[in-house]
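Novice: In case you want the letters, here they are:
Protein chains: 2
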Amino acid sequence: MVRRSGRRPGNQDTKQSILEAARAVFAERGFDKASIRAIAGAAGVDPALVHHYFGTKEKLFLASMNSPVDPAEVIPQALAGPREEAGVRLVRVVLSVWDSPAGAAAVALMRSAMSNEWTARLMREFVVTQVLRRAVAELGIDEKEAPTRAALVATQIAGLAVVRYVLKVEPVASAEPDRLVAAVGPSVQRYLTGDLPDVF
Amino acid sequence: MVRRSGRRPGNQDTKQSILEAARAVFAERGFDKASIRAIAGAAGVDPALVHHYFGTKEKLFLASMNSPVDPAEVIPQALAGPREEAGVRLVRVVLSVWDSPAGAAAVALMRSAMSNEWTARLMREFVVTQVLRRAVAELGIDEKEAPTRAALVATQIAGLAVVRYVLKVEPVASAEPDRLVAAVGPSVQRYLTGDLPDVF
Chain A
0 MVRRSGRRPG NQDTKQSILE AARAVFAERG FDKASIRAIA GAAGVDPALV HHYFGTKEKL
60 FLASMNSPVD PAEVIPQALA GPREEAGVRL VRVVLSVWDS PAGAAAVALM RSAMSNEWTA
120 RLMREFVVTQ VLRRAVAELG IDEKEAPTRA ALVATQIAGL AVVRYVLKVE PVASAEPDRL
180 VAAVGPSVQR YLTGDLPDVF
Chain B
0 MVRRSGRRPG NQDTKQSILE AARAVFAERG FDKASIRAIA GAAGVDPALV HHYFGTKEKL
60 FLASMNSPVD PAEVIPQALA GPREEAGVRL VRVVLSVWDS PAGAAAVALM RSAMSNEWTA
120 RLMREFVVTQ VLRRAVAELG IDEKEAPTRA ALVATQIAGL AVVRYVLKVE PVASAEPDRL
180 VAAVGPSVQR YLTGDLPDVF
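Sequence lines, in order, name chains A and B. Residue numbering for the first sequence follows numbering that gives the first Met the number 0, beginning at 0 and increasing consecutively. Residue numbering for the second sequence follows numbering that gives the first Met the number 0, beginning at 0 and increasing consecutively.
A hint or two may mislead.
The list treats identical chains as one, so a pair stands whether inside a single copy or across any two.
As the list claims (entries may be wrong) - Calculated pairs, PhoX-like style, for lysine-lysine (alpha carbon to alpha carbon, straight line, at most 25 Å): (1) 14 x 58; (2) 143 x 14; (3) 32 x 58; (4) 167 x 56; (5) 143 x 58; (6) 167 x 14; (7) 167 x 143; (8) 32 x 56; (9) 32 x 14; (10) 167 x 32; (11) 143 x 32; (12) 14 x 56.
Hints are computed from structural coordinates only; laboratory data are not their basis.
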């Protein structure tokens, strides 16, 4: 409120149009096939303006999802350290984001993804391309096994979020993060690096 | 359509009123503290009529949740057999219900529970009192540990359902049930009967 940019009042509308176009194009084509040019086209603006406002395609995607954190920063930080403790650290960082004030946005996003096919697609793209893909790359997981391992990790992490923050089943809802990390971390570790009976 | 009961047309409305009252009372008081009498009172009918239409409180609860299966039948069946394979069998029965035509109702219920606090309470009551409580009783799990173990099982099962049926993250979304059972079963087994670092 104190600092005013010199931009014209129309800019907020333009940014909003770009974000709406981005959500539509990311949901329809998926993150990999969506281009800044296609999004700019859908919003009726020049691609340079999209770059100017949002930077990279990743940054635009995060903005369009109202992501409370940038996985490009959080994931490497979470996974730095011994490979055999990656599961524990991943659960810890997830809980620290969701337990923080930013968690409310994450809960809202999750709720919306459950009831709306379009948001579900965005959420899936977000989870797969921004979170899981980074995590498996960081851990150097075999490329053939990566999709299975990543999706299995997603089952445990998504379920933890649903039970703790949405359904609020006790004692998980009120448990100290450290206790949940100790209980759930090994399951995530097994999906990341353990012997799985099968890859599919 | 062939067999007609001799009941008056108003009966469907009465049943509907009872189901609505049941949802409200179960959500507000929880399953254990809700009584048939309170539900009948909220619906403005005689308690005997509630028993007549729906039988026990459990049956009324299942009807009010549109539950596609009766956990009282499914859970003992799922858990009969060696204790050390209970996790695998529990995941198998969950997938068989959700993969069946009844699964659509389960997905709808889950979606609704995510976006509506009131349905979330019903869902939590359903999961805790009808599914998890039966499962831990069936396995003879220590009473002190049961709530923690049950809620941890819920994180893995709910997450599997969300990732496979709602977010549809591949390859979990299209995987053969047997492969998912083999991958996820051991995590559930650990929550049910394994050494956990902590009980909370």
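Novice: Take the hints in turn and mark each one as holding or not.
Specialist: Hints, verified against the model:
no. : hint      : verdict
1   : 14 x 58   : within (13 Å within a copy, 53 Å between copies)
2   : 143 x 14  : neither (39 Å within a copy, 54 Å between copies)
3   : 32 x 58   : within (16 Å within a copy, 49 Å between copies)
4   : 167 x 56  : between (35 Å within a copy, 23 Å between copies)
5   : 143 x 58  : neither (28 Å within a copy, 47 Å between copies)
6   : 167 x 14  : neither (36 Å within a copy, 30 Å between copies)
7   : 167 x 143 : between (36 Å within a copy, 19 Å between copies)
8   : 32 x 56   : within (11 Å within a copy, 52 Å between copies)
9   : 32 x 14   : within (21 Å within a copy, 51 Å between copies)
10  : 167 x 32  : between (37 Å within a copy, 19 Å between copies)
11  : 143 x 32  : within (21 Å within a copy, 51 Å between copies)
12  : 14 x 56   : within (14 Å within a copy, 54 Å between copies)
Hint check: violations occur at hints 2, 5 and 6; the rest are consistent with the structure.
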